[in-house]
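S.K.: The listed protein sequences correspond, in order, to chains A and B.
Per this note's numbering, the first sequence runs over residues 7 to 118.
Per this note's numbering, the second sequence runs over residues -9 to 104.
SDA-like cross-link-like pairs, simulated, lysine to any residue; straight-line CA separation at most 25 Å: (1) A:K63 with B:S(-7); (2) B:K39 with A:F108; (3) B:K39 with A:S101; (4) B:K39 with A:Q111; (5) A:K63 with B:G18; (6) A:K63 with B:F41; (7) A:K63 with B:T(-5); (8) A:K63 with B:Y17; (9) B:K58 with B:E10; (10) A:K19 with A:R73; (11) B:K51 with A:I32; (12) A:K63 with B:A(-9); (13) A:K19 with A:T116; (14) B:K103 with B:W73; (15) B:K51 with A:Q111; (16) B:K39 with A:F56; (17) B:K103 with B:S29; (18) A:K19 with A:G48; (19) A:K63 with B:A19; (20) B:K58 with A:T105; (21) B:K58 with A:E106; (22) A:K63 with B:N14; (23) B:K58 with B:P(-3); (24) B:K39 with A:G48; (25) A:K63 with A:T26; (26) B:K39 with A:T11; (27) B:K39 with B:G96; (28) B:K51 with A:E106; (29) A:K63 with A:P45; (30) B:K39 with A:S33; (31) B:K39 with A:H35; (32) A:K63 with B:Q(-8); (33) B:K39 with A:R61; (34) A:K63 with A:G90; (35) A:K63 with B:Q35; (36) B:K39 with A:G34; (37) B:K39 with A:Q43; (38) B:K39 with A:E106.
It should be emphasised that the hints constitute simulated quantities derived from the structure, not laboratory data.
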Amino acid sequence: KAGVTQTPRYLIKTRGQQVTLSCSPISGHRSVSWYQQTPGQGLQFLFEYFSETQRNKGNFPGRFSGRQFSNSRSEMNVSTLELGDSALYLCASSSQGITEAFFGQGTRLTVV
Amino acid sequence: AQSVTQPDIHITVSEGASLELRCNYSYGATPYLFWYVQSPGQGLQLLLKYFSGDTLVQGIKGFEAEFKRSQSSFNLRKPSVHWSDAAEYFCAVGAGAAGNKLTFGGGTRVLVKP
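Chain B with its partners taken away, still in its complex shape (with noise of 0.2 Å):
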């Protein structure tokens, strides 16, 4: 069965300084990968997504994340957080082809200091 962990509950960082967020995954095949953010009250927001290729993909809002298939990780990273970054972000891991499952991490709260 796949499972996603997101080992940080909670992620204080301040405005302009980098942030990174942490996803392992568990799966037995290839891997679709992806983060979304949620602001509170709010549905899901795709940042970005990993299905072949390139293993360092661009987001939105200026985010990307690296797959790493010896480490099952799939780390978000952004260069200089802004304030609106304050969110919960979720990683998931898709069943691909068995359909559209998606399996959620307990997602990293992230509060930014001004």
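Just chain A, same shape as in the assembly (with noise of 0.2 Å):
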């Protein structure tokens, strides 16, 4: 069974640019959550989507965006690029009801 798959694993992008993650679940799982890493602020929750619809949703200025597809792929978006966005985020999928995360590899993210 194929993990959760992150694409691209590193962006370099400029302050003012969007950007947009991908990250596709484990076949199966409908729950994917979305966090940023960072040394500064650790594991931070962005969001989480359920069968397209947002369920959750962390403390994150309206600037992060996210949606997911009918085949459970989900897409974040960041707008405005500021330098602080530069981190590590990490996709995660689960199956229904209460279970475990599985993460993927991440996106390293590097804001010039």
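Starting from the two chains in their separate frames, assemble the complex, guided by the hints.
M.R.: In structure tokens form, the structure reads like this:
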């Protein structure tokens, strides 16, 4: 069974640009969550999607958005990039119900 | 609001020695607890989880953790560490039925001396 796949693995963007990151969950998983990891703030929850609906949202500005498609694949978008958005963005997928989350390798975003 | 504290930022242990990583949580209901491990530049790998039942849970790579409700703790242990255990370890609490939202501790970086 394939794991969680995140693309791209690395990105370099300029301040003010926007970026879209992609996450393909484990087959059969309908929940996809996104996390931001930085040295200063650690691992922080961004949002969770389940069956194409945002079910939970963390405390991030509106520049951070996401969506989920009917095949459970998810994208997150960050608009008007700031230097502080440089981070490792991790996606996790879970099956229905109370269960563990499986993480992808992450996308390393560098904003210059 | 839920929170997780990992008091030790760094731990250095000799290869073959035992390891214990501390985790304290704050959560209003029955917690769903996890330990993840992260190697540099990689994603998170699940070591073990606690949902209910036996308070001593076994995980992969020889790790185990004990849930103590009275102390709000979920400490991770390994009897004998290997050089490959050098990594960063994260404790997390889940929101459970409210959705798959994890709150992580700050992590503990483990260094293994030969």
